[in-house]
Each structure stands twice: as structure tokens, then as C-alpha cells.
Amino acid sequence: MRRVIEPELLDSDGGSAEEVRAALADLRMVNGCFGGVRTSRKLIERVVQRTGARAFTLLDVAAASGDCCLQAADQMAKRGVPVDITLLDRAASHLPRNGHRVLVGDALRLPFRDGAFDLVGCSLFAHHLEPEQVVAFIDESLRVARTAVLINDLRRSRLHLALVYAGRPLFRSPMAWSDGLISVRRAYTLAEMSALLRRTNAAAVEVSEHYLFRLGATVWKTSAVTQQAAKS
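Numbering (this note's numbering), first residue to last: 1475 to 1706.
Hints were generated in silico from the structure; no laboratory data involved. All values reported here derive from a predicted model rather than from experimental measurement. Misleading hints may appear alongside valid ones.
Beta-carbon label-pair distances, calculated as ranges [to be verified]:
{"no.": "1", "residue 1": "1552", "residue 2": "1480", "range": "36 to 44 Å"}
{"no.": "2", "residue 1": "1686", "residue 2": "1489", "range": "23 to 31 Å"}
{"no.": "3", "residue 1": "1632", "residue 2": "1589", "range": "27 to 35 Å"}
{"no.": "4", "residue 1": "1528", "residue 2": "1605", "range": "31 to 39 Å"}
{"no.": "5", "residue 1": "1637", "residue 2": "1577", "range": "13 to 21 Å"}
{"no.": "6", "residue 1": "1573", "residue 2": "1506", "range": "15 to 23 Å"}
Below, a list of computed lysine to any residue pairs in the SDA-like style, where the Cα atoms sit at most 25 Å apart [said to hold, decoys possible]:
{"no.": "7", "residue 1": "1552", "residue 2": "1528"}
{"no.": "8", "residue 1": "1516", "residue 2": "1551"}
{"no.": "9", "residue 1": "1552", "residue 2": "1585"}
{"no.": "10", "residue 1": "1516", "residue 2": "1685"}
{"no.": "11", "residue 1": "1516", "residue 2": "1649"}
{"no.": "12", "residue 1": "1516", "residue 2": "1697"}
{"no.": "13", "residue 1": "1552", "residue 2": "1502"}
{"no.": "14", "residue 1": "1516", "residue 2": "1548"}
{"no.": "15", "residue 1": "1552", "residue 2": "1574"}
{"no.": "16", "residue 1": "1516", "residue 2": "1489"}
{"no.": "17", "residue 1": "1516", "residue 2": "1479"}
We put the beta carbon where it would ideally sit given N, CA and C, even for glycine.
Sequences are here, hints too, so could you generate the full structure?
Okay, here's the thing in C-alpha cells:
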């Protein structure tokens, strides 16, 4: 199944404020029930395992409502690992208004100093980028991260696309369902993502399959961490 590029409605804020809210609510449902939150938590757990660190700051890029990282952070806090989240999105209308630290900004020109956060992460964002943009985004994120960049995204396959078609009754928002179909067609395979990440400035890359056609990637910044990882 070849990768197909189509614009997604949420990318262009192509609906009313109510339609955008409904679409984001459906995305929270999908992330909560079908592997999104679990994948983000697994990626953070991997960093804990590799580094031994017990607290992190994390910048969530293209965060929208930030549900994957925020819920994963809640789960990690219950295990004694606090994760301090900052949410960044290009559209203020996508960001939550419930007391979380939020910022409007460009994912390819992050408005932070070098090494501002322990981790930089994104969920359901990488497939929106073309290959050269993926490389540029990772390198920019590595600049801002001290330890690693975490990617939580979809894996493209015919079966995944069929499941999204079959799941239409679960969606309250036609926009979210339509964007879901487009997202699967735009998503990268594990092999494609691995090849792209090897072109970045990363010290090492780990790409893994996760529940229900999720792709997880840990892009390590420092050789010290990767040497420790090789021993484990």
C-alpha cells in the first residue's frame, strides 16, 4: 500500500469551532481506547529504563489537546515518575484551556533554547510531514531535547485502513473519521520511518510496533545514553 498525500481538515481548521471540538474529542477517544496513550507511556518508560532518571520535562509538539502525553504523564506520576508537560501547537484553537502550560509555535522552528527540555515528543504528527520535513523536525527537536525525541504515530497498512472504515460507528465527528482515513494513508511504515530517522543527527534510533497499528520511535541524542542502552 503506497503512501498517499491528502490534506486533513483539522490541519486547515476547515470546520466550525464546534466541529473542531468534536473532532478533538474523537481523537481523545481513539488515543485512550486504541493505543495512543499506551504508546506514549511505553516510550517514556523506555527512557526511564535506559537512563534511570525519575523525573522529566517534556515538550509535546503539535499537541492539540495533549491527551496522549498528559494521560501518560498521569500514569507515570502514579508510579513515582513525574513528567512536567509543556504543550505546543500551531493553532491556539487546538490547545486546552484548563491550566496546562501551552504555547503557539512552529514545530520546525521551536521557540526554545538548546536543551530546554529532557524530552521532546509528538503524537499523530509525524505522518503530516513529508520525508525531508521529518528529518528537519527531528533535528530541530534534538536541538531542544537533552535526552531523546519520542514519536508516537500510526503505521500504514491495508488492514489498518480497513479497521478505520469498520470503526465508523465509533466516531461522532465526520471530520475525525475522514481525517483518520487520510492519516492511515499518509502514515509511514516502520521501515520508512527507520530510514528517515537514520538521516537525522541522532546518536541512535529505536523504532517499535505498538498496540493496534501504532508506531513508536525513540530518537536518542547522546552517546552516553546509547552506550548504556547497548549494555541492557
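Hint by hint, here is what the structure shows:
1. 1552 - 1480: 36 to 44 Å: holds, 39 Å
2. 1686 - 1489: 23 to 31 Å: Once the Cβ atoms are compared, 26 Å apart, the range 23 to 31 Å for residue 1489 and residue 1686 holds.
3. 1632 - 1589: 27 to 35 Å: For residue 1589 against residue 1632, whose Cβ atoms are near 42 Å apart, the range 27 to 35 Å is violated.
4. 1528 - 1605: 31 to 39 Å: Once the Cβ atoms are compared, 36 Å apart, the range 31 to 39 Å for residue 1605 and residue 1528 holds.
5. 1637 - 1577: 13 to 21 Å: violated, 34 Å
6. 1573 - 1506: 15 to 23 Å: holds, 20 Å
7. 1552 - 1528: holds, 12 Å
8. 1516 - 1551: holds, 14 Å
9. 1552 - 1585: The given pair, whose Cα atoms are some 31 Å apart, is violated under the 25 Å limit.
10. 1516 - 1685: Holds: residue 1516 and residue 1685 sit about 11 Å apart, inside 25 Å.
11. 1516 - 1649: Given that 25 Å is the threshold and the Cα spacing comes to 29 Å, the pair is violated.
12. 1516 - 1697: holds, 22 Å
13. 1552 - 1502: holds, 21 Å
14. 1516 - 1548: holds, 13 Å
15. 1552 - 1574: holds, 19 Å
16. 1516 - 1489: Status violated; Cα separation ~33 Å.
17. 1516 - 1479: violated, 29 Å
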